[in-house]
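Read in order, the letters of the sequence shown are residues 1 to 288 in my numbering.
Hints listed in this document are in silico derivations from the structure and should not be mistaken for laboratory results.
Predicted, not measured: the structure shown is a model, and the values here were computed from it.
Note that the Cβ used here is the ideal one computed from N, Cα and C, for glycine as well.
Heads up, a few of these hints could be off.
Quick list of simulated restraints, FRET-style, between CB atoms [claimed, not checked]: (1) Ala-27 with Leu-284: 21 to 29 Å; (2) Gly-43 with Thr-285: 38 to 46 Å; (3) Ala-27 with Thr-285: 42 to 50 Å; (4) Glu-241 with Asn-177: 21 to 29 Å; (5) Arg-239 with Gly-104: 38 to 46 Å; (6) Pro-223 with Asp-41: 52 to 60 Å; (7) Pro-34 with Thr-285: 23 to 31 Å; (8) Pro-223 with Gln-130: 14 to 22 Å; (9) Asp-116 with Gly-227: 36 to 44 Å; (10) Ala-23 with Asn-177: 32 to 40 Å.
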Amino acid sequence: MQKVKIGLIQMALKVETDIEPAAIRDAMNEAHLPYIEKAADAGVQVLCFQEVFNQPYFCPSQDKKWYAAAEKVPEGPTCQMMQKLAAKHHMVIIVPIFEETAPGIYYNTAAVFDADGSYLGKYHKTHIPQLAGFWEKYFFKPGKSNWPVFDTAYGKVGVYICYDRHFPEGWRALALNGAEIIFNPSATVAGLSQYLWELEQPASAAANGCFIAAINRVGTEAPWNIGEFYGNSYIANPRGEIEAKASASEDELLIHEVDLAMVREIRNTWQFFRDRRPETYTRLTDGE
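Assemble the whole structure, with the sequences as input and the hints as a guide.
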């Protein structure tokens, strides 16, 4: 498989945040169904949603109510639903979700289902921010997923979630583990880091000779109103060029076909993996 059709769905929250998380989950899952059907009709082979796609970005709060938003992976209702849709449409589906692994243990997770509906595994967000508006350590345990790469029906896929994108080591680890396409589901608002949105991921795509698909939600979310989620989901190629981009403010399914032959072509041209010197980088892993 050389050419792969990718779909990215960016979406605003469809309900108020004062209702129960289970009701929000059901409403958001339902809101995604027409876009999933549209993706299937267009021949999308790998589909990904935004970070914690079926809930608000609740991390501006420190309200334990939101622990009830967590689901089991892959046994929970959302994963079971997406697993069936993956099999129905012969589509790889990446499902970024709030996960409970045991009472009191929660992760920011992406589950991956292959085109036959089989569950391939999950990635736990590795880097967890803790600052005003983004109190993620209140909700998420840092992951230690060992940089899984999922050998799907349509190519080798990795996942790196939102704040992870600021740390180049993970991009490199995923690429070294064989990732051809890395998905970066996010929930990020206009402000401090927006100028990095089209800088870091394309640079990482070029540094690692892979495609990167970045997904961001749109709209604002009360009662927190920390800013506007600015969308602009996009796909960058192994040269670091943005090949396709969604709008800044609209619900949207971005569809774009990528040519995986470019991964080999670019890596053979630049030879960054040949010329890297890991024996000189021990300072990176020495700790404090």
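Requested in this report: Check the following: the C-beta atoms of Ala-27 and Thr-285 are separated by a distance inside 42 to 50 Å.
Outcome: 44 Å, holds
Query raised in the report: Should the hint that Pro-34 and Thr-285 are 23 to 31 Å apart at their CB atoms be regarded as holding?
Result: At 46 Å between Cβs, range violated.
Query raised in the report: At the C-beta level, are Pro-223 and Asp-41 separated by a distance inside 52 to 60 Å?
Result: 37 Å, violated
Query - Assessment of proposed distance window 21 to 29 Å (beta carbons of Glu-241, Asn-177) - result: 24 Å, holds
Query raised in the report: Pro-223 and Gln-130, beta-carbon distance inside 14 to 22 Å?
Result: About 21 Å separates the Cβ atoms of Pro-223 and Gln-130, which means 14 to 22 Å holds.
Query raised in the report: That 38 to 46 Å hint for Gly-43 and Thr-285 (C-beta), does it hold up?
Result: 43 Å, holds
Query raised in the report: Quick one: are Ala-23 and Asn-177 within 32 to 40 Å, going by C-beta?
Result: Cβ of Ala-23 to Cβ of Asn-177: about 38 Å, so the range 32 to 40 Å holds.
**Report entry** 38 to 46 Å as the expected CB spacing between Gly-104 and Arg-239, which holds or is violated
**Finding:** Check passed, 45 Å falls within 38 to 46 Å.
Requested in this report: State, for the Cβ atoms of Asp-116 and Gly-227, whether the hinted interval 36 to 44 Å holds or is violated.
Outcome: The hinted range 36 to 44 Å holds for Asp-116 and Gly-227, with Cβ atoms some 40 Å apart.
Query raised in the report: Can the suggested window of 21 to 29 Å be confirmed for the beta-carbon pair Ala-27 and Leu-284?
Result: 44 Å, violated
Of the numbered hints given earlier, the model fails hints 1, 6 and 7; all others are met.
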